[in-house]
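Undergrad: This is what each chain is made of:
2 protein chains.
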Amino acid sequence: MKAYILTIGDEILIGQVTDTNATYMADALNDEGYEILEHLSVADTRQGIRDGLDRALAVADVVLMTGGLGPTKDDITKKVLAEYVGTELTFHAPSWERLQRIFRSFGREATESHRVQCYLPATATVLTNERGTAPGMWLEFQGKIIISMPGVPYEMRYLVRQEVIPRLLARNTRADRQRSLTIRTAGAGESVIAEAIADFEDALPAHMSLAYLPDLGTVRLRLTIRGTDEAAMHTELQAQQVKFESIIGHLVYGYGKEDLALAIQRRMQERQLTLVTAESCTGGAIASMITAHPGSSGHFKGSVVAYANSVKNQQLGVPAGMIEKYGAVSKFVVEAMASGARQQLNADYAVATSGIAGPDGGTEEKPVGTIWLAVAGPHGVTSKLLRAGKDRKRNITYTVHQALNLLHQELRQAEA
Amino acid sequence: MKAYILTIGDEILIGQVTDTNATYMADALNDEGYEILEHLSVADTRQGIRDGLDRALAVADVVLMTGGLGPTKDDITKKVLAEYVGTELTFHAPSWERLQRIFRSFGREATESHRVQCYLPATATVLTNERGTAPGMWLEFQGKIIISMPGVPYEMRYLVRQEVIPRLLARNTRADRQRSLTIRTAGAGESVIAEAIADFEDALPAHMSLAYLPDLGTVRLRLTIRGTDEAAMHTELQAQQVKFESIIGHLVYGYGKEDLALAIQRRMQERQLTLVTAESCTGGAIASMITAHPGSSGHFKGSVVAYANSVKNQQLGVPAGMIEKYGAVSKFVVEAMASGARQQLNADYAVATSGIAGPDGGTEEKPVGTIWLAVAGPHGVTSKLLRAGKDRKRNITYTVHQALNLLHQELRQAEA
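Chains as they are written, first to last, in the working numbering: chain S, 98 to 513; chain L, 98 to 513.
Be aware that a few hints might be false.
It does not matter which identical chain is meant; a pair holds if it fits inside one copy or across any two.
[Stated by the list, open to error] In the DSBU-like style, the derived pairs of lysine-lysine whose C-alpha atoms are separated by at most 35 angstroms in a straight line are:
1) Lys340 <-> Lys241
2) Lys241 <-> Lys463
3) Lys340 <-> Lys354
4) Lys99 <-> Lys176
5) Lys490 <-> Lys354
6) Lys340 <-> Lys422
7) Lys241 <-> Lys428
8) Lys463 <-> Lys340
9) Lys422 <-> Lys490
10) Lys422 <-> Lys241
11) Lys241 <-> Lys99
12) Lys490 <-> Lys176
13) Lys340 <-> Lys487
14) Lys463 <-> Lys422
15) Lys176 <-> Lys340
16) Lys354 <-> Lys487
17) Lys487 <-> Lys428
18) Lys422 <-> Lys99
19) Lys354 <-> Lys176
20) Lys481 <-> Lys241
21) Lys99 <-> Lys490
22) Lys487 <-> Lys176
23) Lys99 <-> Lys463
24) Lys463 <-> Lys176
25) Lys481 <-> Lys176
Keep in mind the hints are simulated off the structure, nothing from the lab. Bear in mind the structure is a predicted one, so any value in this text is a computation, not a measurement.
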């Protein structure tokens with residue numbers, strides 16, 4: 098079954114906000130095997146919405162749309178939708194009673210603008226929005242399904258998860274299914290990988306495809322299969338995965354949504370190992386990526402962000418004379434930072450970074466982008482020199498990925 | 098002149114990545130006064146790209162497109178574009194020479210896949226991509242302009258800024274110009290601000306508009322003016338800014354792209370003050386936001402990310418008995434973290450956080466979202482309790498904003 102993503106709102110159109118709703122809806126549909134034809138963002142005008150619906154319904158069986166359901170005058174989606182499917186807006190008493198009940202429970206009264214939100218297309222099935230005041234709507238039109246949700250991401254996500262996907266699945270609306278496997282690699286660039294797996298890629302059958310998604314020192318590869326038999330697709334995908342990994346398995350760190358930090362979390366917690374970081378040029382970005390994951394406190398103890406040399410010296414025990422002699426951006430200092438953090442914060446492993454993130458601060462000998470990494474563990478200290486570019490933000494992200502990859506390799510080696 | 102945003106890529110379509118390129122291109126065009134009709138994301142297939150171009154060219158005068166220009170087999174934009182405008186791919190020698198030169202300067206050799214990137218539609222004007230290997234293309238077709246850029250955000254942004262916008266402006270393709278001023282506030286919600294400035298907003302002339310952009314504890318307000326006389330627009334915008342600030346100037350911390358961390362950097366460096374952080378639930382996110390800015394080493398000395406209680410105790414000097422008695426998430430502990438960091442890392446100010454970011458780990462007394470902040474400075478310690486939600490990522494960002502805003506207020510008060 099073919100799906101279409103339609104988002105409504107001038108704030109998206111003029112680039113004031115990024116359309117994360119489209120991403121969420123597409124990801125949810127893709128996970129369930131729906132083919133997504135296009136994403137389209139249109140103006141919140143009668144013409145914009147009608148044009149969008151025309152385009153969507155010409156090609157797709159189900160349209161997920163967000164936006165234009167708020168209480169203000171420029172929110173016209175409902176009205177246009179009713180007109181489009183040839184019905185009228187009628188007052189939906191259960192929604193109004195629900196709203197009044199909620200407001201009273203907060204000691205407030207629902208207002209006239211909330212009451213207006215309860216006028217809905219007469220033929221719509223109402224999708225109760227437990228996260229907000231604007232209900233979602235499910236409309237059947239010319240054998241197709243139109244689903245309209247509020248644009249507030251928190252409310253939309255609730256409706257997709259709790260109402261839309263279950264109802265679509267209950268209709269058994271999928272014919273051709275699609276399954277994807279995302280394989281995550283680090284340590285080699287897109288073109289190096291492409292050359293290494295050229296034969297593998299050429300030999301893929303027509304109903305399978307491979308896509309590359311590079312991101313600063315990491316490359317995700319998405320292997321997609323289309324078919325009707327779920328079990329056969331699964332088997333075939335697995336067989337290709339085995340082939341793929343026989344070529345570049347040493348670069349693979351995880352699958353699906355598992356980023357490097359999560360792959361490390363899994364490995365370390367399985368072995369009850371602990372981790373700390375000592376960060377100079379990454380400024381806390383490694384710790385921040387690690388602690389973004391629920392449960393990270395199971396292996397991560399903390400970090401010393403040692404931006405000033407005095408902090409490197411006093412909190413990490415790096416000798417002041419060493420910093421003076423070799424400079425803060427040096428093999429000796431980064432290794433001392435890693436060893437010091439491991440010892441002072443009492444962990445099994447420590448990751449350290451020291452570099453010139455830019456855009457200024459470089460010298461002829463150590464230009465912007467000169468970055469040292471180190472990992473200290475039970476088996477000693479490993480370090481690595483990176484030569485990155487001049488863009489500060491990219492250099493920081495690149496260093497985070499490289500540092501976590503170095504740690505991941507050390508963990509894998511220690512397990513072998 | 099009407100513009101259209103067309104992005105190509107299965108990774109967008111299936112929701113694997115969010116289409117931030119569309120946002121960037123739209124924002125850049127909107128700033129220069131172009132009307133943006135739609136954003137459309139299509140599959141990286143011949144049919145997908147052709148359908149997208151058909152749609153875009155039917156309504157718009159200029160189409161900005163990204164994606165499908167990489168060196169791998171799934172990158173087919175160039176080929177489809179050449180066919181669409183009725184030309185052939187020809188080898189562009191200057192691009193190839195440029196690539197070879199760049200690779201040699203890194204001590205490497207350009208590969209065959211890089212050579213392939215230098216075959217471009219014969220009628221295209223090549224837009225030199227100083228940030229990567231795939232050139233941008235400017236095509237004239239049936240009186241309209243098609244611009245194709247790589248999908249790597251860093252490369253696309255460079256091309257938009259350095260090549261696309263200047264070339265569009267040189268063609269004098271605008272009628273009305275548009276100028277915006279972004280005013281950044283923290284410490285009050287959208288509805289509180291809306292009520293406070295209701296009269297100001299009502300009194301705005303028809304060629305001016307105000308938009309709200311709330312983001313977890315901060316609200317940006319964008320004041321936009323349209324017109325033809327650049328100088329007059331500037332003067333009028335300034336006059337409105339003065340009016341606006343007479344009402345809620347106390348909430349304003351910066352303008353344009355200046356975030357809270359940069360506003361703090363400016364204030365602290367002007368007075369030669371130093372800063373450290375002691376982070377539990379934010380896990381290094383505050384340090385990371387501070388050090389994202391070039392020049393942050395001028396005031397920021399470092400951070401102790403104290404995820405484990407042992408780190409709070411040993412690196413920050415928080416008494417173990419205090420943690421045991423009151424819990425790590427308490428007024429006493431967060432204040433001791435701030436004071437400890439200020440002392441141990443020897444800085445003028447310290448910011449500390451301790452809370453339950455979620456999604457698990459809450460208790461009846463301290464549910465998920467219970468978060469304590471503190472700022473220690475020359476005049477003592479201030480602390481604050483937040484009651485956030487259950488979403489880990491949102492809670493961390495909200496806490497970072499609130500903590501930096503608390504510091505910013507302290508700095509402003511100390512200056513007064």
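Undergrad: Hints first: check each against the structure and report whether it holds.
TA: The hints, checked one at a time:
1. Within a single copy, Lys340 and Lys241 get their C-alpha atoms no closer than 41 angstroms, and across copies no closer than 47 angstroms, so neither meets the 35 angstroms cut-off.
2. In this assembly of identical chains, Lys241 and Lys463 lie within 35 angstroms of each other by CA distance neither inside one copy nor across copies; the values are 61 angstroms within and 48 angstroms between.
3. For the identical chains of this complex, Lys340 and Lys354 are intra-copy neighbours only, at 21 angstroms inside a copy versus 48 angstroms across copies, given an alpha-carbon limit of 35 angstroms.
4. Taking the closest pair of Cα atoms, Lys99 and Lys176 come within 35 angstroms of each other both inside a single copy (26 angstroms) and across two copies (26 angstroms).
5. For the homomeric pair Lys490 and Lys354, the shortest alpha-carbon distances inside one copy (22 angstroms) and between copies (15 angstroms) are both at most 35 angstroms.
6. Taking the shortest alpha-carbon separations for Lys340 and Lys422, neither the intra-copy value of 50 angstroms nor the inter-copy value of 56 angstroms comes in at or below 35 angstroms.
7. In this assembly of identical chains, Lys241 and Lys428 lie within 35 angstroms of each other by CA distance neither inside one copy nor across copies; the values are 63 angstroms within and 55 angstroms between.
8. For the homomeric pair Lys463 and Lys340, neither the shortest alpha-carbon distance inside one copy (42 angstroms) nor that between copies (50 angstroms) is at most 35 angstroms.
9. Only within a single protomer do Lys422 and Lys490 lie at most 35 angstroms apart by alpha-carbon distance; the minimum there is 29 angstroms, versus 42 angstroms between protomers.
10. Taking the closest pair of Cα atoms, Lys422 and Lys241 never come within 35 angstroms of each other, the shortest separation being 71 angstroms inside a single copy and 61 angstroms across copies.
11. Taking the shortest alpha-carbon separations for Lys241 and Lys99, both the intra-copy value of 10 angstroms and the inter-copy value of 32 angstroms come in at or below 35 angstroms.
12. In this homomeric assembly, Lys490 and Lys176 come within 35 angstroms of each other (Cα to Cα) only across copies, at 33 angstroms, whereas the closest approach inside a single copy is 41 angstroms.
13. Taking the closest pair of Cα atoms, Lys340 and Lys487 never come within 35 angstroms of each other, the shortest separation being 38 angstroms inside a single copy and 41 angstroms across copies.
14. Taking the closest pair of Cα atoms, Lys463 and Lys422 come within 35 angstroms of each other only inside a single copy of the chain (14 angstroms); across copies the shortest separation is 50 angstroms, beyond that limit.
15. For the identical chains of this complex, Lys176 and Lys340 are inter-copy neighbours only, at 30 angstroms across copies versus 54 angstroms inside a copy, given an alpha-carbon limit of 35 angstroms.
16. In this homomeric assembly, Lys354 and Lys487 come within 35 angstroms of each other (Cα to Cα) both inside a single copy, at 29 angstroms, and across copies, at 20 angstroms.
17. Within a single copy, Lys487 and Lys428 get their C-alpha atoms as close as 21 angstroms, which meets the 35 angstroms cut-off; across copies the closest is 42 angstroms, which misses it.
18. Taking identical chains as interchangeable, the C-alpha atoms of Lys422 and Lys99 are never at most 35 angstroms apart, the minima being 65 angstroms within one chain and 58 angstroms between chains.
19. With identical chains, the CA atoms of Lys354 and Lys176 are at most 35 angstroms apart between copies only, with a shortest distance of 32 angstroms across copies and 38 angstroms within one.
20. For the identical chains of this complex, Lys481 and Lys241 are neighbours neither inside a copy (57 angstroms) nor across copies (50 angstroms), given an alpha-carbon limit of 35 angstroms.
21. Taking the shortest Cα distances, Lys99 and Lys490 sit within 35 angstroms of each other only across copies (32 angstroms), while inside one copy they are farther apart (37 angstroms).
22. For a Cα distance limit of 35 angstroms, the shortest separation of Lys487 from Lys176 across copies, 32 angstroms, qualifies, whereas the shortest one inside one copy, 48 angstroms, does not.
23. Proximity of Lys99 to Lys463 under the C-alpha cut-off of 35 angstroms is found in neither arrangement, the shortest distances being 54 angstroms within a copy and 46 angstroms between copies.
24. Taking the shortest Cα distances, Lys463 and Lys176 never come within 35 angstroms of each other, neither inside one copy (59 angstroms) nor across copies (42 angstroms).
25. Proximity of Lys481 to Lys176 under the C-alpha cut-off of 35 angstroms is found in neither arrangement, the shortest distances being 59 angstroms within a copy and 40 angstroms between copies.
Checked against the numbered hints listed earlier, the structure breaks hints 1, 2, 6, 7, 8, 10, 13, 18, 20, 23, 24, 25; every other hint is satisfied.
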